[in-house]
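Could you put the whole structure together from the sequences, leaning on the hints where they help?
Top line first, the protein sequences correspond to chains A and B.
Using the numbering used here, you'd call the opening residue of the first sequence number -16 and step up by one each time.
Using the numbering used here, you'd call the opening residue of the second sequence number 52 and step up by one each time.
Just so you know, these hints were derived from the structure itself, not from any lab.
Careful: at least some of the hints might be erroneous.
Pairs of lysine-lysine residues, derived as DSSO-like cross-links and limited to a Cα-Cα distance of at most 27 Å, are as follows [stated by the list, open to error]:
{"no.": "1", "chain 1": "B", "residue 1": "K166", "chain 2": "A", "residue 2": "K10"}
{"no.": "2", "chain 1": "B", "residue 1": "K110", "chain 2": "A", "residue 2": "K217"}
{"no.": "3", "chain 1": "B", "residue 1": "K68", "chain 2": "B", "residue 2": "K356"}
{"no.": "4", "chain 1": "A", "residue 1": "K77", "chain 2": "B", "residue 2": "K110"}
Every beta carbon over 12 Å from chain A, so not counted as near; a handful from chain B, in silico [claimed, not checked]:
{"no.": "5", "residue": "D138"}
{"no.": "6", "residue": "S154"}
{"no.": "7", "residue": "F268"}
{"no.": "8", "residue": "E399"}
Cβ atoms here follow ideal geometry from the backbone N, Cα and C, with glycine treated the same way.
Chain residues, written in single-letter form:
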Amino acid sequence: MLRVRVIPSLLLRDGGLVKGRQFKHHKYVGDPVNAVKIFNEKEVDELVFLDISATSGGQGPNYELLVDIANEAFMPFGYGGGITSCDEIEKLFKIGIEKVILNTSAYSNPDLIRNASRVFGSQSIVASIDVKTSFLGRSEVYVQNGTRGTKINPLDYARKMQDLGAGEILLCSIDREGTGKGYDLNLLKAVSESVDIPVVAAGGAGKLEDMSKAVSEGGVSAVAAGDMFVFHGKHKAVLITYPSYDELKSLF
Amino acid sequence: MNRTVCTRCVMDTSDEKITFNSVGECSHCQIFDKDSQSMWFPNETGKQKLGKILEQIRKEGEGKEYDCIIGLSGGVDSSYLALKMKDWGLRPLVVHIDVGWNSELAVHNIEQIVKYCGFDLYTDVMDWEEVRDLQVAYLKSGVSNQDVVQDHAIFSSLYHFAVQNGIRYVISGGNMATESVAPHSWHHSAMDSINLRAIHKRFGHKKLQSFKTISFFQYFFYYPFIKKMTTIRPLNYMPYNKKEALEELVRTVGYKEYGRKHGESRFTKFFQNYYLPKKFDYDKRKVHLSSLILSGEITRDCALKELEKPLYDPVELKNDKEYVAKKLKLSVVELDQLIDEPGRSYVEFDNWDRHYALLQKLKNILQKVTNKKIKTYA
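The structure is reproduced here in structure tokens:
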């Protein structure tokens, strides 16, 4: 087992896999069930699925698809998207999902995080924080797939999530997402220093060194990436890849 | 069942159109003998011919980003060809068409090849819900060629891309050495979009929006004559031995071997090793092995021994069947029922045969008038 978890983070929309840039311009990249099967054989330790149509469409989690994914996935996986109640969380755990990821509902309904972590244990409740940084360097937490600003500073918000009982933070830079320019190291460092729970870096990974920097300079305990594991080369050809165990071992 | 088997290859009367000559050699062997004279040059002549073709491709490609296009599935033929293209100094746009059944082996091999060769890759990802709907429609139609959906998508995508990028040379891994035998009675052409649309209209539910088809006119006229697209099959101009090609791929790029032919697509594997033998009594191994016998890669005895092996390992079959059913959103029972129903011929659905017959007539007339041989995709 590696010291640092390297997690492919995959976006779902209406049952298909998509990938975008800065939370926009999403493009279809394939069938999630087949992708999971390939990641299995690549011996990936952990996966994250975020359904970006679940909250905005108002339909909640697509259980049918999640059952198919769970039946196929050998590795633990986390799911986020459209979760609004403890009943739904229970249903997701019953399907075999290891961690539930809350974003919009963590903001609009803090009691949900509090109750869920009490009932199910904080290790299985992840708070997802999407951050946009203005020209002047002021960072703000966004919800609803990065469409709605909250005026809240990410450091305060992360501490609040920890206090409510979240066991982990998935921290994504909206500005970096899908750009391959590297993680927002300042943001990672600031947030990981202000909380005690593990922080997972997301948004911007373009090469393996970005991941080692996120750990050494950003102080995170795990890294997530989408583009890197889904796209190849200058035409952004859809091709599922994952570094070998040895490559990852030498990285951290 | 008692079948007459060819005395030279291993094709038999499970091909209902097969005929035998006085010494018991089958029609496929005779076709091979005839075609190989004009199409297969695994020798010095081939080397020279290929040299000229490559020179022409490179020359026409001067100043362009790419001089040719190749579809890469991750299988041995196209992968080996890609490797050779690097040696030949070609600058292909490599296109992979993802129809939703890629195995890890396939994506691994594609990754290794394009990295090693330094080629640009483009992937065309088919909309899975549409492909699924089409595939279920094909299963319901009960026709023998269930690979039409992916094969049509692959060709169509490749040609669309070529035109888009101003490329007129399509490099294909197709070859006489490993796939010269192709019984027409087993498979109707995957390029027949009239048939595809008829089957989809009858059994499909979703509208085909992103799935691009190639029309009869495009396939036989627009692409070859207007766009001057030419398919080159370099493996026919060199000695090509699958075993040696595989060894070279493993050695140079860390290629992972497929257990079976067409292990790059989970569906093709299931379709060829289960659907076809069960429903139609077609064993595609006979086709592959016969090709290898004719090109001299293996002996007939060796092929007969290979055919004694079971088609599928029972555990593997169970897993694959469950996966295919799940991907197609069918229950295993439903899938079994569809496979158990008697097979149907493609002619039960509208198809291109009458257009094709007309085309052949026109071609013959034109050839007589112009006194020139006309090469089309046919």
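Non-conforming hints, listed in increasing numerical order: 4 and 6
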